[in-house]
Amino acid sequence: MSTNSPTVLVVDDEKPLRDFVRRNLEVRNFKVETASNGLEALAIFNTQNVDLVIMDIMMPHLDGLETTRRIRQTSLVPIIILTALGEEVDKVRAFDMGADDYLTKPFGTGELLGRVKAVLRRARWSEASVTNEKIVREDIVADLERHEISVRGTLLNLTPTEFNLLVYMMRHAGKALSHRSILQSVWGPEYGEEAEYLRVYMGKLRQKIEKDPLNPEYLLTERGIGYRFKG
Amino acid sequence: MIGYSPEMIIKRRWISFFNDLGLQLLALYLFIIVPALGILLAFDYLAGQQIQADVRANDLSLARAIALETDLSITKSLQAVEGLSQYPSVLEVDADGMGNIFNIFLQTRPDVNLIYRLDANGEMLYHYPVGPSSTVGNDFSFRDYYQRALFSQEALVSMGRISPTTQQAVATAVMPIRDGQDFLGIVAINLKLASLSETLEEIVASRRPEEDFDIVILDSSAQIIAYPNPDFLLQSADILLPEVYAPLLAGKSGTRIEVDINGEERLYTYTPIQSAGWGVIVSRPTATAFATQITIHQITTIVAVTFVVIGLLVWILLARRVVMPLERLSSLSRAIGSNQEISNRERKQVNRLSKRADQIGHLIRSILRMEESIATRINEQGTLLETSKAVVSTLDPQTVLDRILEQVQKLFNVNMCAIVALDEEHNAFRIRASRGLSRKYAVQLAIQPTDPNSITMRALHAKEPIQISNTETDSTFAAQRPRAKAEGYRSILAVPLNTQHAPPAALLVFRPDPHVFTNNETQLLVNFANHVTMAIENATLYSRSDNRLQQQTRRIEALVHSLSDGLILSNLSGNVIYTNRRIGELANLSSDELERASVDSVINRILTKASTPQQIRQRIDDALSGKKERGVEIPLVSQNRRIDLRLQVFDVTDTQGKPIGRGLILRDITADQEVDRMKSSLISTVSHELRTPLAAIKGYATTLLADDVEWDTASQHEFLSIISDETDRLSALVNSLLDLSRIESGNLRISHIECSVPDIIERAAKSAHLQDENNLVLALDPNLPTLYADPPRLETVLRNLIENAVKYAGEKATIQIKVTPEESAIVFRIKDNGPGIPEEESERIFQSFYRVDTSLTRLASGAGLGLAICKGLIHAHGGEIWAEHQKKGACIAFSIPTANPDTP
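Those sequence lines, one after another, are chains A and B.
If you want our numbering, it's the 1-based position in the first sequence plus 129.
If you want our numbering, it's the 1-based position in the second sequence plus 22.
Treat each hint with caution, since some may be false.
To be verified - In the DSS-like style, the derived pairs of lysine-lysine whose C-alpha atoms are separated by at most 27 Å in a straight line are: (1) A:K144 - B:K507; (2) A:K263 - B:K788; (3) B:K432 - B:K507; (4) B:K432 - A:K160; (5) A:K359 - A:K337; (6) A:K144 - B:K432.
Hints listed in this document are in silico derivations from the structure and should not be mistaken for laboratory results.
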């Protein structure tokens, strides 16, 4: 793995689009591998060191969501989903399967590169948090060094974004945090309007940490503003 | 009058004079008799009056005649005495002279017995005859006549008295003798009263003795002067007469009816004798006096009484012989009219009256006959009515027929009767119902409709009653004779039933004896047959409509039962009243179990298949209680299949809108949900299909626009050509979508132009983005006929199929396109060496928006839409498209007809 030139796996059944992503990333010093469907993608992922996966949802044989799910079983590699569907349901499904971000077709070069950079940055943060810090909020314990969070003694299985988001919320426990500030702090300065990300991730976190996800105890919704961790 | 209580008669008489013949007859009789009696009585009265007046006048004239005669006699005596007074010898009281004169005088007057001369002092001077006892020298100045003569110038008559000289009853005519003023005495003659009485006696004797005339002459002192019986002379009138003489003595005449001393009523007639101041009284018994009147009176009375008696007799006769029978008749007719039974006594009387030979008897016999006939008719009507009742009281045609026959038995007093009807199945007339006939006969009888001898058939053909009055003699009946003997009947009457809806039928009545059915009997059976017809028709229609209703109910039940929606009807207490089959399937309960179940338990059974039963249960309870919306969606999983149900609750109300129960409809909305999914799938698909080329266009455009990278000219050119290609693809896609929409709405127009197969395939392959490693193999049959098609559409089809093959078979796939002529079409086969199409899905992949599985895999390729477009376009060409099974890889084939529909 080279920190200077991360390897990006681009998976899309449409050759023109695949080529467009490949060409743009290659010209910006990314190492790019391409696959035209999920099966090819898994084959490459399992044999090569991949730092980022950019993957279309709708593909023959094995679609993007299923491929994401399978990758997630073994890896926390950041995954950006490309989708022609703008529906929130699809985004939620993508996040559910473990995607970190997504891009809705059609998208421009700027958006593509922005997301790629942000996702890579977030991945780096979580990996690079070498502080010996432990945050304890009631029965939730976040061990930043070991990159682990446990609830009532049970270790949680979290994606990097989920981990970052929960740590951020725990750090600012008791404060009402706006959507924008959360997004910019956790996802990156390119973000700010994607309130649905928060909705999805808060939901996922509640499933994982709350006793009753429908009546959350820790992650509370501040209507019209954002969210607050119980403090 | 007999047979009625008196009050009743009086009441009736008073109330209904004009309704009572007896009273009217009485009135008529009185109307005639009363004037007649009146006239008779008036005549009697007037005649009586007349007769009385006549009798009175007659008696009066008799009395007057006697009075006149007496008067004359007295006047004569007075004149005589006056004449005597002129004699000188009398004047001078010369005894000899007087003797002579008096002697002569006496000779001429037998009624005179004494003539005498008194001197001025009333002393007897001389009397002639000198007689045995002389009273000469006696003073008679006390005598009334002497007193009166002292002051009188004229002759006068004395009252009656006994003459002392003659010792006889006499009255004296007296003449005062005067010389100038000097009173010289009187000369008087004594008139024998006996002679006056003799006269009266003569008069009385001249009358008819039965007249019983009684004549008496009284003097002014009411002494009897003359009377036929001399014993009464000079007696007071009182001993003979009632007091009737006062007016007489006052000088009046008249008549009076008085009761005499013997108590006999008599008519007294009196008149005065002027010259002597006496009076005559003539009397006779009114009985004889008014005998004529009495006779008339008696006749009148007899006539009147006769009238009355005859009238009474006639009236009684009329009453007993005419009016009473008439009244009996009227009460009988009233009883008939009001349908009441008269009493036995009255019945006996009426029966007795009916034996009379006259018109009354005739009339009563007529009325009795009428009564009998009315009773018969009423009885018949009653039977008919009972038949009608029997008809409406049951729905079973057989029961109706049986009851009808029962009535026929009663009505005709027969034992055997039957209804014969056409058995349409066997085309023979059979006994539908019978009475009194043997079972064998009833079962075996089958009359062919063509049988000319059958009485049933004859009646049915003639459409009128036919009878056989004697089976032994009737020639048409010869064939059936043994049968008739066996059954024991000798005469038949058959009446056809005028049926319209029911099969033709006839009513038969059998009699054991030879019998000519009368017109009345026939007519009665015809009337009855009409009722029977009605009954049979009703029963037939009823059973038909009943069948129809049952059929309809069964149909509706079958319909409701077979609904794919579940239906539960419950009463207000929540117990199940009805469920259809679908509910049984959903709840997995048998119909028996459902019948006993409550709505709650049924719902709970259904919810066992739900993923979150509690939540749904809560929503259902809300819907049932009407708190929230009454529709609840229930997602279930049954046999690994997702079923979406929508529960709709509704109140079942009666006609007044009062709730009587509740209905629950469980609608299977799985298909609807599927359609919804398909719709959103269409949008997704279209969106995806459009965004794919758009993504490439936007991507390359932004690539070119990016500031941080400088692309070489070749790359720039490459990017721009990709943009151009993708734009074309986008445009083609839009056209395809439009075509698809036209196909769906049936508005696609296809041109049929002669085209070259290789050219079209080449163009399609070019636009299909074949990968470098793809291998396209063309296999064209050399004997291809001319292809007529719409080139751009056919190109689209081929391109879609090639693209699909590439997508599914991969970048290294070999794609074979084989074109062969087959029958009247050219068939294209596009094969690849990819994984192929599962056989069970080879049909469905052509459906619009269909996804082979629920994953997004296949949709991702756009295959669903692509194949749907292909199918539509090929069908528009008149061809077919299908998937062919092969060992390896997929094969899609389509045919285009060779005949050009534009050039017939």
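Hints and how they fare:
no.: 1; hint: A:K144 - B:K507; result: violated (110 Å)
no.: 2; hint: A:K263 - B:K788; result: violated (62 Å)
no.: 3; hint: B:K432 - B:K507; result: holds (23 Å)
no.: 4; hint: B:K432 - A:K160; result: violated (118 Å)
no.: 5; hint: A:K359 - A:K337; result: holds (16 Å)
no.: 6; hint: A:K144 - B:K432; result: violated (106 Å)
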